[in-house]
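When we follow numbering that gives the first Met the number 0, the leftmost residue of the sequence shown carries the number 0, and every step to the right adds one.
List of simulated lysine-lysine pairs, DSS-like, C-alpha gap at most 25 Å: (1) Lys14 / Lys119; (2) Lys393 / Lys407; (3) Lys508 / Lys407.
Label-pair restraints from in silico Cβ distances: (4) Ser400 / Pro306: 22 to 30 Å; (5) Ile386 / Arg141: 48 to 56 Å; (6) Pro306 / Asp182: 32 to 40 Å.
Simulated from the structure, these hints should not be mistaken for laboratory data. Remember, predicted model here, so these are calculated numbers, not experimental data. C-beta atoms are modelled at their ideal positions from N, C-alpha and C, and glycine is treated no differently.
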Amino acid sequence: MPPTLASLVQHSALKLTVRAGEDHLDRPVRWAHVSELADPVPYMEGGELLLITAMTLDAEDPQAMRRYVRRLSRAGVVGLGFAIGVNYDAVPDALLDAAREEDLPLLEVPRRTPFLAISKAVSAAISADQYRAVTAGFEAQRELTRAALSDGPAVLIAKLAAHVDGWAALYDTSGAVVAAAPDWAARRAARLTADVARLRERAAPASTVVGGADEASGDRVELQSLGTGRRVRGALAVGTGAPLGTAERYAVHSAVALLTLTTERSRSLQAAEQRLGAAIVRMLLSGQQDHARAVAGDLYGGLLDAPFRLVVAEPAGDGDPAGLGALAEAMESAAARCGEAVLVVPEAARLVVLAADGGEAVAACLAHEAAEGEDIVVGLSAPAGPIAAASAYKQAEQALSVARRRGKPLVEHEELVAGSVLPLLADDAVRAFADGMLRALYEHDATGRGDLVASLRAWLSRHGQWDAAAADLGVHRHTLRYRMRRVEEILGRSLDDPDVRMELWLALKATSAPEPG
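Please take these sequences and the hints and turn them into a complete structure.
Have a look at this one:
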């Protein structure tokens, strides 16, 4: 604690007597300053104990003293020390009355107590307080360092909250709360996500002070960004009932440095893990499941012991590739919060992710695309195991291709399997093929010499049954046989070939399929 007027009054060697402002002796004293100027305010910073003998003051003029004391009080002077036995044998009534009116503490200084003794007492107390703060700060730094090295960020946050006598919370790169202390602080911290988002938009390092999460909380919250690069890698929130003191400030700065170091170290480890992950994916896709398991070890081994999903994502058209990074962060953060393994492999213009089926990472992928799926397109495979990794990768790529054609941000392979193949025909390339294949028949029908297209559709829909197809058309079966021979002549293809019949049927479906979108 810094020195206060009360501590100076209690100092036995100073022999100070309180003459006014008894209720405000708890005010901290930043310095003791001697000035006989009629107006010392221009040289005040606030928080001073002003020491005077009234050498140049008309201390017996009530109006002058009223103006003098009022000006000192407005300037933040915390107290006035008046030496008796120098120019006045006692404190003048005019000065005493003015001090009482302003409720400004007035201390009577006896003749035998030099002002220098008061200044030394204040200086010594301030030095002692600073020493205690620095010592406490270093102790906090050691304790927080031990927590960071031995126990991890969650314990560090708990230690920090205890040191500042308040609460603390850690946010990840996505702005989600990953640790908070005490336990109730998680709800308070969650209400500050908008402020954290604004902080993340600024280059690191950055900080800001906000009020309480709501007016009822009444706390003061400092937000500090984490990370050494321009991109913010996380944020720290510290909530207290009053501005931080020197010792608390040391503790917060230490926590920021340690968490930033942890974040940057995590980035290096993440890069190494990504290289390892890329090797595991290559092994899986090439059918080397045993080698992939051996390389995965404890880090990713659990991911290969249960069904997983493969995610393939790319920028949508001219979309910003940064969207891939946002998706990766969302999936990694979700997995980290529940201790779930996820394998993320960023490529030049593509992101490949292997995540547990039904896990938080896959859920985060689906939620991310539902909310922000404009910049990227995503294909998601069906659940698979290591032996079917190559098939799962193909499924994800197929789903990605369909997502592009349909203009959707995300398509799951199950949608393609559970649905019909017909929506896949609503593609410009397929339509162009179908139009080219049937153009000669349409041109023939346009001359009015027969309805070959409708006849072909009826015959194929009846699986080549002449009587049933002829009945559908309302013509004789010999007429239908003649028309099918004309189809073969015009196309130069045999209807006895099942591949030809399949291509013609799909071409007919494609020309009648709805436009995409």
